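A.B. asks: Chain by chain, the residues:
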Amino acid sequence: EDKVVQSPLSLVVHEGDTVTLNCSYEVTNFRSLLWYKQEKKAPTFLFMLTSSGIEKKSGRLSSILDKKELSSILNITATQTGDSAIYLCAVRHSGGGADGLTFGKGTHLIIQP
Amino acid sequence: EPEVTQTPSHQVTQMGQEVILRCVPISNHLYFYWYRQILGQKVEFLVSFYNNEISEKSEIFDDQFSVERPDGSNFTLKIRSTKLEDSAMYFCASLGQRNTGELFFGEGSRLTVL
Numbered sequence: 031e032d033k034v035v036q037s038p039l040s041l042v043v044h045e046g047d048t049v050t051l052n053c054s055y056e057v058t059n060f061r062s063l064l065w066y067k068q069e070k071k072a073p074t075f076l077f078m079l080t081s082s083g084i085e086k087k088s089g090r091l092s093s094i095l096d097k098k099e100l101s102s103i104l105n106i107t108a109t110q111t112g113d114s115a116i117y118l119c120a121v122r123h124s125g126g127g128a129d130g131l132t133f134g135k136g137t138h139l140i141i142q143p
Numbered sequence: 006e007p008e009v010t011q012t013p014s015h016q017v018t019q020m021g022q023e024v025i026l027r028c029v030p031i032s033n034h035l036y037f038y039w040y041r042q043i044l045g046q047k048v049e050f051l052v053s054f055y056n057n058e059i060s061e062k063s064e065i066f067d068d069q070f071s072v073e074r075p076d077g078s079n080f081t082l083k084i085r086s087t088k089l090e091d092s093a094m095y096f097c098a099s100l101g102q103r104n105t106g107e108l109f110f111g112e113g114s115r116l117t118v119l
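Residue numbers (this note's numbering), protein chains in the order written: chain D, 31 to 143; chain V, 6 to 119.
One or more of the hints may lead you astray.
[To be verified] Going by beta-carbon spacing under 8 Å, a handful of chain V positions derived as facing chain D: (1) LEU44; (2) LYS47; (3) ASP67; (4) PHE70; (5) GLU73; (6) PRO75; (7) PHE110; (8) VAL118.
Just so you know, the hints here were simulated from the structure itself, not pulled from any lab data.
Here the structure is a predicted model, which is why all the values come from computation and not from measurement.
Every residue, glycine too, gets a C-beta built ideally from N, C-alpha and C.
Just chain D, with the same shape it has in the complex:
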């Protein structure tokens, strides 16, 4: 069975801290891994990773894929209260629904002032 596992499921830190969110996967014919941020409703896209070892960066957020370990991490440095959200990892693979995605349960990140 294809699966995507995220850890931790929830995390509470103080503003200014750095956090690392984890995602591991076991899927058939991996194509890409995507990170989304879900605040109130719709997931909004953060990164898409297809190649191992190449870091993608956007401001204080960065992510990297390790195909050997079948995992990815999402780093957020100098966290702000606006980073509070559920961070979703999703994997595109064959059997994921004609290029649809299999999602993990998400990491609920809470940034305290």
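Please arrange chain V on chain D, whose structure you already have, making use of the hints.
C.D. replies: Frame of chain D; chain V shown alone:
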């Protein structure tokens, strides 16, 4: 900025009633999806749609569900006879090119079945 729009944002219905959720995908996109998220649980794939037919569907997408693209712009999800366990947030998503880029999600339609 182009976006996926969904209506209604929230619908309350009685068990056994039919519900239609509507989506307008991004205009030049070709691949369309429905996902659902039961409160507190993960986002789950329901169905994908391309070239006016279902490409793939999950185990959740049983005979009570159907999708169609009636007029070339709207993409609808119909639930024929709703059950309590159908209560969830339903997300529509669209994709421009296969294997490239990310899915764009709508804001979701919250369905509450009483």
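A.B. asks: Evaluate each hint against the coordinates.
C.D. replies: Hint by hint, here is what the structure shows:
1. Given hint, LEU44 of chain V at the interface with chain D, is violated; its Cβ is 12 Å from that chain's nearest Cβ, farther than 8 Å.
2. For LYS47 of chain V, the suggested interface contact is upheld, since its CB lies about 4 Å from the closest CB of chain D, less than 8 Å.
3. Below 8 Å, beta-carbon pairs count as interface contacts, and ASP67 of chain V has none with chain D, the closest being about 15 Å; its hint is therefore violated.
4. For PHE70 of chain V, the interface hint is violated, since its Cβ never comes within 8 Å of a Cβ in chain D; the closest pair sits about 14 Å apart.
5. For GLU73 of chain V, the shortest C-beta to C-beta distance to chain D is roughly 17 Å, which exceeds 8 Å, and the interface hint is violated.
6. Checking PRO75 of chain V against chain D: minimum C-beta separation of about 21 Å lies over 8 Å; hint violated.
7. At its closest, the beta carbon of PHE110 of chain V sits 4 Å from a beta carbon of chain D; the interface hint therefore holds under the 8 Å criterion.
8. A hinted interface residue such as VAL118 of chain V counts as satisfied when its beta carbon comes closer than 8 Å to some beta carbon of chain D; here the least separation is about 19 Å, so the hint is violated.
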